[in-house]
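Colleague: Chains as they are written, first to last, in full-length UniProt numbering: chain A, 1 to 345; chain B, 1 to 624; chain C, 1 to 249.
Please note that the accuracy of each hint is not assured.
[What the hints assert, rightly or not] Some, not all, of what chain C presents toward chain B, calculated at C-beta under 8 Å: (1) G16; (2) L55; (3) G59; (4) G143; (5) Q197.
[Claimed, not checked] Below, simulated SDA-like cross-link-like pairs (lysine to any residue); rule was C-alpha separation at most 20 Å, straight line: (6) K319(A) - S416(B); (7) K87(C) - G156(B); (8) K461(B) - Y15(C); (9) K461(B) - R385(B); (10) K87(C) - S416(B).
Note that these hints are calculated values from the structure, not bench results.
Glycine included, each C-beta is placed from N, C-alpha and C at the ideal position.
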Amino acid sequence: MNFQIVMLLGQDGITNGAIYALLALSILLVFTVTRILLIPQGEFVAFAALTMAAMQGGTPVRLGWLLLALSAAAMVMDIHAAWRRDGRPAVRRGSVLGVGYAAALTALTTLVPLGDAGVAVQALVTMALIVPLGLALYRVFYQPIAAAHPLVLLIVSIAVHVVLVGIGLLMFGPEGARTEPFSDGGLRLGMVMLNSQTIWVVAVSLGLILGLYLFFERSLYGKALRAAAVNRLGAELVGISPELAGKASFALAALIGSLSGILIAPITTIYYDSGFIISLKGFVGAIIGGLASYPVAALGALLIGQAESFSTFWASSYKEVIVFTLILPVLVWRSLSHHGAEDEE
Amino acid sequence: MKPGVLSKTPAARPTVSMPRLSPSGWILLALLPVLAAAPLVLPTYQVTLANNIGIFALATLGLVLLTGVAGMTSFGQAAFIGVSAYATAYLATVSAADLPAPLAWMAGSPLAGLAVGLLLTLAIATVLGAVTLRLSGHYLPLGTIAWGLSLFYLFGNLEFLGGHTGLSGIPALSLFGIAFDKAETLFYLIWAVLLLAVVATLNLLDSRVGRAIRALRGGQRMSESMGVDSFRAKMTAFLVAALYAGLAGWLYAYTQRFVSPAPFSLQAGIDFLFMALIGGVGQVWGAVIGAAGVTFAKQWLQDLLPHLLGRTGNFEAIVFGLLIVLLMQRLPGGIAGWIAKTFERRRQRPATLESMDLPDAEPLPRRPMPQKGEVVLEAKGVTRRFGGLVANRDISFSVRAGEILAVIGPNGAGKSTLFNQLSCVDRPTSGEILFRGERIDGRTARAMAGAGLSRSFQHVKLLPTMSVLENVAIGAHLRGSKGVAAAALRLDRAEEARLLAEARRQLVRVGLGQYLHAEAGSLALGQQRILEIARALCADPCLLLLDEPAAGLRFLEKQALAELLVKLRSEGMAILLVEHDMDFVMGLVDRVYVMEFGERIAEGPPETIQTDPAVLEAYLGGIE
Amino acid sequence: MSAPLLEVSDLCVSYGKIEALSNASLRVGEGQIVTVIGPNGAGKTTLLSAIMGVLPSRGHIRFLGHVGQSPAIQDMVARGMSLVPEKRALFATMSVEDNLRLGGFRFHSRSKREQDAAMEELYALFPRLKERRGQMAATLSGGERQMLALARALMGGPKLLMLDEPSLGLAPLIVREVFRIISELRRKGVSILLIEQNARAALRVADYAYVLELGRIAMEGPASELAHDPRVVAAYLGMAGKHQEMLAS
């Protein structure tokens, strides 16, 4: 192995690691705020990548229909909830807006060909589809059981993942797809040729992390979300509703997931079920961070990216085995450093 | 959760009345002739389906125990089946020449395949369990997902396992001269194994180890303080689940006569969880219902959906996924839970009637008790800080056998902090705690339960759906020793009878003798507090630590409690109680230790405490 | 009694099969301080939690004219009800200032200037918190934490402030400070529902009092009258005999 190869592998590792880090952060965010392990995080990634690919390839974009269906389901559930609470059905303005938005976006993406609209517009449309999808997922699947035992939340997460993968196959078909790179060429730094997509991934990831940092440290809404994670009762008592916090964290997760998908699509061929494996590496990062620490999780995810990239070189077919077995020493270490009585409820 | 129990009265004894059968007994009885006749009347295709259902149900049964009873979950069940199936297939197809000489006899031996398969499965489960089960509940499922995935890739890449094409040409199973070469004969084997596993599971749940496993869901802190090793109980449940998967894998290899990675993917692991959930994780029979229901529904959907959607694919997953979400939102007990609920409602009978049919087993051996007046517990300069906050400062006192000491003080005085340290849930920042002359600070609550220190909880901690008798029997956990195998094979009956008889004895002693078989959750709060004392007594303690035993009790209940404590004292028990209710304390105890702001403000007999100006100030409020 | 701000009738709360609160009814008038006293385990915290919507309940709760059953916390917060729970429920890893800003979350559409003005007003009442504004809540002392919890609740501009054992575990000087603030708040027109084990202090500041025992309202009456009722002393202290004499003297 020579220097060139090391740099190449390292570059690959950083690119993938940056994506895993984003996903790890988003998984942690959702977990600390809602106690939900967001297994479907990967579907945001795959759906975004495949939606981009569909727009560029001129095949029908079907994601809008899913959003429309979920928004409609959310509206029905809102009406039903109002009925049970007040004894009469009532339609919330928000849910009507949601359905209207979904319908408009579905019309746009099915009727207007976006193949030549440029990557920026395509990416915006993709995110405009997926962010509300995250919101609707929370409303329909998780909100009714927000207070349930974490085990139930995990099971629902798995079930939602399974449903979404099935729907993904229905929407995108079994073929994989790859999108055009954002820009051509690259950047030469001394002996090293940096791939343009690597630069994009790293830049956007850093930007996003900075943005998240500012959001959580500076804005009242970001602080409210943190507060909901720190002390649920306290948050409720000052009027930060768990639904609001849940929806916001899911919307953020969808945003991060869709951005990751858009970024990764030009690098790797994505299939309808690729998201799971990608997000699982984010989970490994989150586990390294003890499901609590953001910086450690991000670093862990970067490490996973490197481990994956270098194991591709040495033992390509055992790549996944190596990456997922890495979780064992981490767990051993966590287990040994763990003291005291086991948590109960 | 209401695990099925083969027999409500665990120690069966000859009676003149009709032998009573539990619901599970009836189900077994009804199922046997149906199963015996099935292969004779059904077409081979249906029998093959029934074989698959049996194998799936076996693996699902493990999840019922793990998820439904113990409150953990794993997605690794399919991977465990895979390990065992591959081991079986490999040994069945390998030529003796390819194995190292000492192992050559294993080639082609189904029993060697079974043994190696089970050993490998258990070994992997032990490693996975060891690294995840001490951590919070999220690590086991995540760990099994990661591991299940790596194993899937591993199967697909190992050449000696046939790579992605797998291993084929497994000869028909032949055991002790019987050839299991047809679906019909395999049917009997598979269903016999399944039914035995069901019975073993029911037996296991109805035993000392079973109670420890059942206490995992929502009662870990309590059962730890009664001497139950929660980690071990978790490991037991996880290993039993893995064992069932291992068995299923062996049967699978000989039923399919071909193995490849696909059926052992993570997706399959998820399917098993779905089977358990749809059938009902709280019920042992839910495994069978779930496996059958999901298998049939899958077949039907695989025919139907491609017509509806106009293409083929794994679309039934969408339906199952949505069904699971709906189930979790509306009917978390699954189908079997729903049936059991409907059934229970009709079958309600006064629990008090059953109190008489426990045999009088030989009493359990007792520990040597300290002499009256001997110092049992001693605190020396105990200080506990939380960051900058001093919750206890320099607390010193002692409790003697045959004496009741009350620690009182207003809310927030640091009594609970002190109690936690005395009961070894927490450890002092400085100072010593001595129990019968030995330092105990820093030891675990579990270790102390065995030494003769028993406690109750301020907020009653019991397992509401378990019977009063079983709840109390948890207290006697360390006075028994029979393990999983003995329980599953019912070799633990003599010991079990002694444990339950002890539990009954303590319940009678505290005056709850007529509620032995009632659900603990159905008792009034006062009775629940008394139950906690009976549970503590079951451990044969020489020191009782009671955390606010009178809180929330009615007047008569308080009186009954006081009488009980006086009786225990006269028998030589050392009792320390932390109380807020001065009235309750004053007429009862020998000495009072008064705390405020984490410090001692007075100590002495009740009469002098009642007139102590510092105490009055603390209790009547210092606001002028 | 002035027009009731809060009217609770026949409130019941069950934990499984245990009824922790049975048919509790009480009223809090505009500008009043009402206290609920009773022994540990009587259901006082349960009562406040049910009124706030933290716990599901049966029975009617009328607050500011809205009648509801088992209300949602958000609705109660939005209508101006505030609860300081016994455990304070602070945002431990966030700064004092962030805790306070979040206390005013229900006015999140307010301008920064208005928010700052509200903060300054509050700092005037709690000068100590101003000194510690940048400090993490977890590093505060017990008394400061209680002040912060109180101040955070006040940032929500409550019409009704419910306090669960505000003097719990606090040194006498700080308890005095807490009660001073409670009196001051009443002068500003905030109605208060107070749960206290320090019944003497509670009865002193309160206008009206209820005694809760075993989940039921056992007695009620003007605070000044109840303070002299020998049965009340027994109910909350569990100390009969000598202590009554002490109290009477």
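Colleague: All hints are to be evaluated individually against the structure, with a verdict given for each.
Modeller: Here is what the structure says about each hint:
Checking G16(C) against chain B by beta carbon gives a least distance of about 5 Å; that is within 8 Å, so the hint holds. Violation of the interface hint for L55(C) is found here, the shortest Cβ-Cβ separation to chain B being roughly 15 Å, above the 8 Å cut-off. The interface hint given for G59(C) is broken, as the beta carbon of that residue sits about 20 Å from the closest beta carbon of chain B, more than 8 Å. Using the Cβ-Cβ criterion of 8 Å, the hint placing G143(C) at the interface with chain B is not satisfied: the shortest such distance is roughly 11 Å.
Using the Cβ-Cβ criterion of 8 Å, the hint placing Q197(C) at the interface with chain B is satisfied: the shortest such distance is roughly 5 Å. Only pairs whose Cα atoms come within 20 Å are accepted, and K319(A) paired with S416(B) is rejected, the gap being roughly 52 Å. Between K87(C) and G156(B), the direct Cα distance comes to roughly 54 Å. Violation of the 20 Å bound is thereby established for this hinted pair. For the hint linking K461(B) to Y15(C), the alpha-carbon distance of about 13 Å falls within 20 Å, and the restraint holds.
Using a Cα cut-off of 20 Å, the hinted pair K461(B) and R385(B) is violated, with the two alpha carbons roughly 27 Å apart. Distance restraint check for K87(C) and S416(B): the Cα-Cα separation of roughly 14 Å lies within the 20 Å cut-off, and the hinted pair is therefore satisfied.
The earlier numbered hints that this structure contradicts are 2, 3, 4, 6, 7, 9.
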